[in-house]
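4 protein chains.
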Amino acid sequence: MPMHDTDLSRFSGVIPPVIIPLKGDRSLDRDAFRVSIDRMIDAGVTGLFFLGSSGEVVFLTDEQRLEVIEVALDIVAGRVPVLVGIIDMETMRVIDQAKRVSRYPIDALVATAPFYALGGPHENERHFRQIREHTDLPLFAYDLPVSVHTKLDPNMLIRLGKDGVIQGVKDSSGDDVTFRWLVLENEDAGHPLQLLSGHEVVVDGALLGGADGSVPGLANIDPHAYVEQWNAAKAGDWGRVTKIQDHLARLMMMTRKVTATVGFGAGVGAFKTALWQMGIFNTNQMREPVQALTGDDVRSIVQVLRKQGMVPKDSLINFDWDC
Amino acid sequence: MPMHDTDLSRFSGVIPPVIIPLKGDRSLDRDAFRVSIDRMIDAGVTGLFFLGSSGEVVFLTDEQRLEVIEVALDIVAGRVPVLVGIIDMETMRVIDQAKRVSRYPIDALVATAPFYALGGPHENERHFRQIREHTDLPLFAYDLPVSVHTKLDPNMLIRLGKDGVIQGVKDSSGDDVTFRWLVLENEDAGHPLQLLSGHEVVVDGALLGGADGSVPGLANIDPHAYVEQWNAAKAGDWGRVTKIQDHLARLMMMTRKVTATVGFGAGVGAFKTALWQMGIFNTNQMREPVQALTGDDVRSIVQVLRKQGMVPKDSLINFDWDC
Amino acid sequence: MPMHDTDLSRFSGVIPPVIIPLKGDRSLDRDAFRVSIDRMIDAGVTGLFFLGSSGEVVFLTDEQRLEVIEVALDIVAGRVPVLVGIIDMETMRVIDQAKRVSRYPIDALVATAPFYALGGPHENERHFRQIREHTDLPLFAYDLPVSVHTKLDPNMLIRLGKDGVIQGVKDSSGDDVTFRWLVLENEDAGHPLQLLSGHEVVVDGALLGGADGSVPGLANIDPHAYVEQWNAAKAGDWGRVTKIQDHLARLMMMTRKVTATVGFGAGVGAFKTALWQMGIFNTNQMREPVQALTGDDVRSIVQVLRKQGMVPKDSLINFDWDC
Amino acid sequence: MPMHDTDLSRFSGVIPPVIIPLKGDRSLDRDAFRVSIDRMIDAGVTGLFFLGSSGEVVFLTDEQRLEVIEVALDIVAGRVPVLVGIIDMETMRVIDQAKRVSRYPIDALVATAPFYALGGPHENERHFRQIREHTDLPLFAYDLPVSVHTKLDPNMLIRLGKDGVIQGVKDSSGDDVTFRWLVLENEDAGHPLQLLSGHEVVVDGALLGGADGSVPGLANIDPHAYVEQWNAAKAGDWGRVTKIQDHLARLMMMTRKVTATVGFGAGVGAFKTALWQMGIFNTNQMREPVQALTGDDVRSIVQVLRKQGMVPKDSLINFDWDC
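Residue numbers (the numbering used here), protein chains in the order written: chain C, 10 to 332; chain L, 10 to 332; chain A, 10 to 332; chain Z, 10 to 332.
Be a bit skeptical, because a hint or two may be false.
Given that identical chains are not distinguished, each listed pair holds provided it fits within a single copy or across any two copies.
With a Cα cut of at most 30 Å, we get these calculated DSBU-like pairs of lysine-lysine [what the hints assert, rightly or not]:
id, residue 1, residue 2
1, Lys160, Lys266
2, Lys243, Lys171
3, Lys322, Lys171
4, Lys266, Lys171
5, Lys322, Lys252
6, Lys252, Lys171
7, Lys316, Lys160
8, Lys171, Lys316
Note that these hints are calculated values from the structure, not bench results. Computed from a predicted model, the values in this text were never measured in an experiment.
Pulled out of the complex, with its shape left as it was, chain C reads as follows (with noise of 0.2 Å):
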């Protein structure tokens, strides 16, 4: 069904990744979560993206899903957009997956490429294709080969752009040089996607070759800084822009300090110890099967985040929660 009648513009700017807070038994800190994303609207951000991959979409089962969904809406209560990602593993799924989360008044539907069964480029863009299908809100692609093992094909982006299949790309692929790509075509075409770079290391090169905004996960931690600097390469201050990156990518280096694990426990693990640690969070808890991180992990996140003056230089460490 064609896509209902709304500015697109509203998706751009900075717009988190949120990192889903929870009580010591895995159950969902509401009250946590609430004292988060009341933190990141107030500084500014201009969308949320929930259930993405750093906000435990798969992790989560159906139920829980519609949990996150349902708390978060009520806090956010209208004052930004709102993007959800419908994440499954073929087509049907991710329909099903839509027409779920379509009940509540969500503004942005989230998918990635189909996964798990091995594919080609013609189903891939039937997939989108199919989607289309079944809603008629904006429908973002991610694009994340490290989870799916498919980078998408940016001739089929722009092509499903002009037919009013997707209406954006959530970049997280790494490839900077096929998304520099895609923004020149994407304005040849009369800029039909929003274009947003999921790599919070480098938002401040996207911006400069014209991404329309960033989905940052580490503006969970400091929000402020992202949307400073947001409004800073809006201003044309790429000096100011460049030097809050420097910080923004020396805050990041806590996920490369995690030595009890890797990918998404090392990563998100870090992001919600450094949540806890600076008061946000009670816990730095996981979902099963991956645990919470612990010991020489925990302090030196904690180092990262004195250096870049997050927590106070002489925060003690809360192992308050037993993990």
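Dock chains L, A and Z against chain C, hints included.
Then chains L, A and Z, alone, in the frame of chain C:
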């Protein structure tokens, strides 16, 4: 919870992953399903695996998965053990699938490593241990790196076997070297695991090397040959085993003839096309976003079937359903 | 042996990897080589890199490599620093290459991680340390995972820089996140390394983020634009930097138009075709086993050149050499 | 040039890739080389492959390669056919290697697909055809995707075989499914190719499936077992073939015990350590940048040797050379 008391040696021999027949409208074709299942059981297969990768598990909504199980159990009616795939992205979702399918009188569960989110060995091991906490059914680890991008560590598999967490492995990794080591170490450990090979083209080598059986998709096309091969292997008639394998390897070449697409659409697409041309299925319809094979791809598959004596030399291509 | 005394800041700005012109018989076209090198130096490039990946290094016999160096040095005549690739499979072979090329008055060596044999981080680090034992020239580590299937660890690079083993990095890894961290950690360490980006499409972001320069293959086609971009970056005129980058990114689209082959034959094949159509090269001949582009591939490349103003609108395709 | 007249069936049976013994100073240990080669020939191997991957080919300078050939030919003295690897990056370099080694009375050449530069199927096929233009020796295609990151297309291999370009394949791809198809299609084509398996752990399955022989690195350690296995296979005694394979698979576990490094250093490092501990080599020295195994890695390898009866139960670890 500990596994309930059962004789694991039942899970040996030839256990085809069942290919699903669809009507033109992509709904389950129950009549063709019955024909195909009966044909395999009559041929002497020793078990059936539903909701595996070639059983379209990731293409089905949760509701559709249950429909497949219900209909399948009704048809099988206890004649052979039924294994069921509980494929989903991360632990809690897999456990959710386990709970749903365990309402039915099935004989074993089959689960892959977690996928989509990046993890490491700790997460993989904890994943299977967590699943065991929630089921008392025999549990098979499904080693399928081509889909989940993790190769299961053989040391971990033996450890999980000894601890009663898993009771078998369906190896579709294509790593026959590691599979051989797994066979030897499984013997040393007292054979806690039933080891099944998923590579239909080289079942002879797997059986010679000590595999407990196979899970060949191609057995949907020619179940008699795999059953005869299994019996020849038990009798030590390796010349016969290999001669049958040569026939099956040539039959499998049908999957290499497809030009329209790659991966699932070519492989399972060829199988469905063969079953349709052999008069067992009524269509070669596929689940979205995959399209049914047509034209020259169909003709090439029929040529392979003819050459291997699976259809009469003068069989006409049946284009009765409009794919 | 320790590096001889030299000013490393010379290795900054725009250092094109030089594309090699061939005659129809695949011998070096010395006249065209002179025209192209002079054109780049006259445009203001700050160095030239010979025998890099796009400089055909792995396609040349050892004898042919020395011919390229001899002719190149004769043409350059000291006008800019000359960097030379010593690409070979493992350490002792690379050292052999280093010895051979060090007979000539060159300014720096460029070496990748070892490849073909599988190794780990210990081997990579020892590799560079062993090369240092046999040369007193500045040594650049060439990070090219697409060819050598190893990503150089940034912690190792900083360590090798501090220890005087390497003096710079040519980063063609496409991993701009890690490159950004490398820039920051290089600053913290006192800037032991000259950090050069090899991605011609996003040089603007690399310079904004603190790169010391770039090694853009596309600068063979449009050296003036890269030089102007470098000067604009030094002047802090980021609007100008990016506008030039947009032109260059569009020019680079020529490599995406090729349909006859992939990889080197498409990328360097497109560059040679452009230089031929611009009248700088006399052919677009390639080294065995790669074939020169023909027909529609040539026409598509000319269209890109026209659109970006690199050839007159009414230029005729020159098919004077029979490729 | 066309291949000179020769009986290709000579290239069958057990053809070990010869491991190179070094002195502590990393020079070739000619005495140990003679002991090891004589031991393999006396055991009944049917050929020897020098300068393969495990024969250190990519670690040797061109001069060192010729030294290996000269010494090897002097020791072999015509007792078995000698195959020689001409491994290098791209076609003209490989042809250069072919010319160099063809000065010696060797029996066949072994070449991989081109590597380092990215290419496609056209380049791969033209590569082998170009090599044929420059040699009249039998030529084996070496399928080693783990090193060259290209899997050789079986259709191309059959085509090259029919055209007299290549005379055999050494398959180290680990893709036993495609190898089986290759065997069948080679039969259909009149057996133009000698098909050798490089996977020492599953030679039984390869022989059962129709391989013409194997190229097992492990045959340096236990040549008698592989020769006995080959004879049992020819006699159709598959029970015996597999029992021997079980022993060899357990012996190969030595490569899994290494903790100091990965890849070549672990695999060939383990082989050298075994040969040293068995008294055949005088050291377990490795080529730069790889380091010899020490300490617990050596002890673990000796345990495997003891368990498989390759060293006396009470053998002491010989630490006479200071590695």
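Going through the hints against the structure:
no., hint, in the structure
1, Lys160 <-> Lys266, "both (28 Å within a copy, 18 Å between copies)"
2, Lys243 <-> Lys171, "within (26 Å within a copy, 39 Å between copies)"
3, Lys322 <-> Lys171, "between (52 Å within a copy, 29 Å between copies)"
4, Lys266 <-> Lys171, "between (43 Å within a copy, 21 Å between copies)"
5, Lys322 <-> Lys252, "within (22 Å within a copy, 43 Å between copies)"
6, Lys252 <-> Lys171, "between (36 Å within a copy, 25 Å between copies)"
7, Lys316 <-> Lys160, "between (36 Å within a copy, 28 Å between copies)"
8, Lys171 <-> Lys316, "between (46 Å within a copy, 22 Å between copies)"
In the structure shown, no violation is registered for any of the earlier numbered hints.
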